[in-house]
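Full structure from sequences and hints, please.
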Amino acid sequence: MKNLLHCERFKKLRSLHFVIAILFIATLYVTLCNLFFAQGTLLHVSDYTVSLLGKYLCYALLALAVDLVWGYCGILSLGHGAFFALGGYAMGMYLMRQIGDRGVYGNPELPDFMVFLNWSELPWYWAGSDNVMLMILLVFAGPGLLAYIFGSMAFRSRVSGVYLSIMTQAMTYALLLSFFRNEMGFGGNNGLTDFKEIFGFSLQSPETKLALFIATAVALAFGYAVSHFIVNSKMGRVVTAIRDAEDRVRFVGYKPEHYKVWIFVVSAMLAGLAGALYVPQVGIINPGEFSPLNSIEMVIWVAIGGRGTLYGAIIGAVVVSYAKTRFTAIMPEAWLFALGGLFVLVTLLLPKGLAGLLASLMDKLSPPAPENRSPTPAVTSTPAAESK
Amino acid sequence: MLQILMLRIFPLLFLSLLSLHTFAASSDATTVERDTTFAALIAQLPTTKLSKMAPLVDEIAAQSAPQVPELLQHLMAGELYYLKATKQLVYAQQNQQQSYDLTAVLNGGELAPVTIYALKKIRTNNRIRGQIRELLANIDLSDKSASVRMQAVKQLLDNPNKTGIASVTRLIKKEQQGDIRELMSVVLLIEQLANGALAEKIAAISQLTGRLEPAVKNALVKEINKLSAQQENSELYKALNNAIGKMEQDGDFYQLLEHLFFGLSLGSVLLLAAIGLTITFGVMGVINMAHGEMMMLGAYTTYVIQQSFPSLIEYSLLMAVPAAFVVSGLVGILIERGVIRFLKGRPLETLLATFGISLILQQLVRTIFSPLNRQVEAPQWMSGSLEINPLFSLTYNRLYIILFALMVFFSLLLILKKSSLGLHVRAVSQNRDMARALSIKSAWVDAITFGLGSGIAGIAGVALSQLTNVGPNLGQAYIIDSFLVVVFGGVGNLWGTLVAAMTLGTFNKFLEPWMGPVLANIIVLVGLVLFIQKRPKGLFPQKGRSVE
Chain A
1 MKNLLHCERF KKLRSLHFVI AILFIATLYV TLCNLFFAQG TLLHVSDYTV SLLGKYLCYA
61 LLALAVDLVW GYCGILSLGH GAFFALGGYA MGMYLMRQIG DRGVYGNPEL PDFMVFLNWS
121 ELPWYWAGSD NVMLMILLVF AGPGLLAYIF GSMAFRSRVS GVYLSIMTQA MTYALLLSFF
181 RNEMGFGGNN GLTDFKEIFG FSLQSPETKL ALFIATAVAL AFGYAVSHFI VNSKMGRVVT
241 AIRDAEDRVR FVGYKPEHYK VWIFVVSAML AGLAGALYVP QVGIINPGEF SPLNSIEMVI
301 WVAIGGRGTL YGAIIGAVVV SYAKTRFTAI MPEAWLFALG GLFVLVTLLL PKGLAGLLAS
361 LMDKLSPPAP ENRSPTPAVT STPAAESK
Chain B
389 MLQILMLRIF PLLFLSLLSL HTFAASSDAT TVERDTTFAA LIAQLPTTKL SKMAPLVDEI
449 AAQSAPQVPE LLQHLMAGEL YYLKATKQLV YAQQNQQQSY DLTAVLNGGE LAPVTIYALK
509 KIRTNNRIRG QIRELLANID LSDKSASVRM QAVKQLLDNP NKTGIASVTR LIKKEQQGDI
569 RELMSVVLLI EQLANGALAE KIAAISQLTG RLEPAVKNAL VKEINKLSAQ QENSELYKAL
629 NNAIGKMEQD GDFYQLLEHL FFGLSLGSVL LLAAIGLTIT FGVMGVINMA HGEMMMLGAY
689 TTYVIQQSFP SLIEYSLLMA VPAAFVVSGL VGILIERGVI RFLKGRPLET LLATFGISLI
749 LQQLVRTIFS PLNRQVEAPQ WMSGSLEINP LFSLTYNRLY IILFALMVFF SLLLILKKSS
809 LGLHVRAVSQ NRDMARALSI KSAWVDAITF GLGSGIAGIA GVALSQLTNV GPNLGQAYII
869 DSFLVVVFGG VGNLWGTLVA AMTLGTFNKF LEPWMGPVLA NIIVLVGLVL FIQKRPKGLF
929 PQKGRSVE
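These protein sequence lines map, in sequence, to chains A and B. Residue 388, in my numbering, is where the first sequence stops; the numbers in between run on with no holes. Residue 936, in my numbering, is where the second sequence stops; the numbers in between run on with no holes.
The hints are all genuine.
Some chain A residues near chain B, calculated using beta-carbon distances under 7 Å:
1) 157
2) 167
3) 170
4) 173
5) 174
6) 181
7) 303
8) 340
9) 348
Some chain B residues near chain A, calculated using beta-carbon distances under 7 Å:
10) 675
11) 730
12) 736
13) 737
14) 740
15) 741
16) 743
17) 744
18) 751
19) 871
20) 910
21) 913
22) 914
23) 917
24) 920
25) 921
These are computed hints drawn from the structure, not numbers from a lab. Model, not experiment: these values are computed from the prediction. Just so it is clear, CB atoms sit at the ideal spot from N, CA and C, and this is done for glycine as well.
This is the structure in structure tokens:
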């Protein structure tokens, strides 16, 4: 038995190493090809591709965050876009202040849209937004705080399942409406844009783009490692148990709501980090990121990749985003057909997603070794408790 | 060449016709006299200078000839011309061939078209046009039709003028219609208030107190502003202040009623959007994210019906209701049979799959009907409003929406509570296995229930097509709201949905004037989220023995 447990832990550690290694190799490859092969040669990776890949990696980190709460804790959040966008707005505020007097109105203190609205000074919540440390703090604290307040209220009153999903959707919808208002002081409809530089480096230069890509890859690796340790820790096991049978966990003497709030906050912070890395790479953040549709798309990445596996979320996000880029370029009409069809087919035919497909293929290929096989890990089994 | 010839000949012909006509029509001497003075007066029009025009127009308006209103209207619109050759007055309207169609002023006979060079316009200016407008209104005051008279008095109330007031003073005794006479007396009282002696003013105020017309309030406020600070204790000031206070009270009351009405109509829209969901989500427990798209299909069905029967716009909505029910219902049954039944007991997966379906339906509509919004026309009977008093009127489209929503609600209630289908639906939703044991075909019931819910969403779409733009995103705008309404009311409870929808609608409309529509929406959303935290089962939780 002990041997079995050891083996399982070893296998899991191996998957962590494997994912990080692949990520490292991919990043290294892209970096080298971008820097050392001239434009036009076969192996060259263009700057456009680099920032595109950077964007995908942000999505992957976001998907990881969704998988953490949905795959492991059974909380289907349809409002993770809100945490992503809040992280993005925190970064956007900092970038906005970095523009300085190079804006259209040349005001050294106020961003353009505030000058346009005839505001004479920064609102109080913009205080210190030009400070890097404060910005980094806000990237985590903003989404974290929202998740804490929302989560502790919702989980304490035992709102769960579908109700919770609809509440999270209402939350992001309310934020969408609020950020559309000019009075909020976040640029209203247009959002924050027209950024010039980050930490003193021009956002237009290829080197900065590459650096941002590498930073995103590092953040993804960090996020993956954190999630991995969380789900494999003792706490993570309680969280998984909550997903499978919340009432039993409560009867045993744990307080499920504490664990749920905790994992919800961690997930929101990861989503915020993803948003913060996303904004400098795409150059804009606007209230559209809060739209409920975006949040649902994130859930789709995880569903398609395979939930409850962590690496499945990464695969799903990258594959779906890549398909979206290709499809919208070739036949924009067909994209929604394809995406919609994908949802239906995946939920009907592939409940474990691409990761499940991959695992079953691996099982078929590898020779059967029943004495060394670990019991089916709880994380990949379809939770029966969700059906309530 | 031909044209010139005609120009020469036609006036001759016309003159002879005219004389024939006048003789034929003149059965008595007064008519003859009337027509000749009118003809003589208008004959002066081409030669009168602009500065001398005003008295002439007055004189013409004072005539009792039947052509007067028409003449004045054309003069105001700049369509009154005379032929250079004969000085004959005509109404001219440009036609497609760059020439002008002519109608004779005196007898309405058609003349041959001419080019602009043969015509000269009777010129007017802004002052004269204003004068004509007043004169026309006063002519309307003695019109045969009561509604025209009413309109004219209302117009006079808003823009009082000397001639109008003079005519009202003259006509008030002859007026048969009670409500018109009442309004006329209000006009006179306002005049008395503005220009009368002190005692007359106070008498007018006491009679005007309790009237609701905005013009009365304006007159009172104007009067109180005329008073200086020393007169604040005078009897007049007190009377004015009293009357204005009373009017403001009335105004506030009707404002409240109006908000309530708007709130109820918004609530009815929410009710329509949510009521299908009460069945699919509330009774069956299926999270149908494609619910909004069922409404969209209903709205597009209305559009298609209007396009296929362009001559029957008035009845298109009535035809669209059953058609939309069938279309959306069939699509719903298709979805249930094709996807949802395989996902029984997995609500989160159902959510994702139906969301995929909603994307497909949206794109389908976008491909067939283009991504642009489509115009669905409102039939005549939907426009206009039911005026209860000058401060409070109910627009017909909102009124019909409220009635329609209630009708749909009660028919659904009837189906669920009284029909055998409803019995089966409730049985299956309460205890599937037991229902099956009693030989209820649960699979069939599921399909029909889902079809019913979707069909009702389609009916809601017909109503929505009258309120918002019909486009591929129509459904998305309502899906969150409808889920919230169902959850707020308590899942599976039809009455709860009714109460929830009306409460939310009214709340929203009462908050709106203070903080604008967007903020009101946000406050309602946040309030709902907080409410659900406190009472996760909604307003009216379903009591049952089902165990989590």
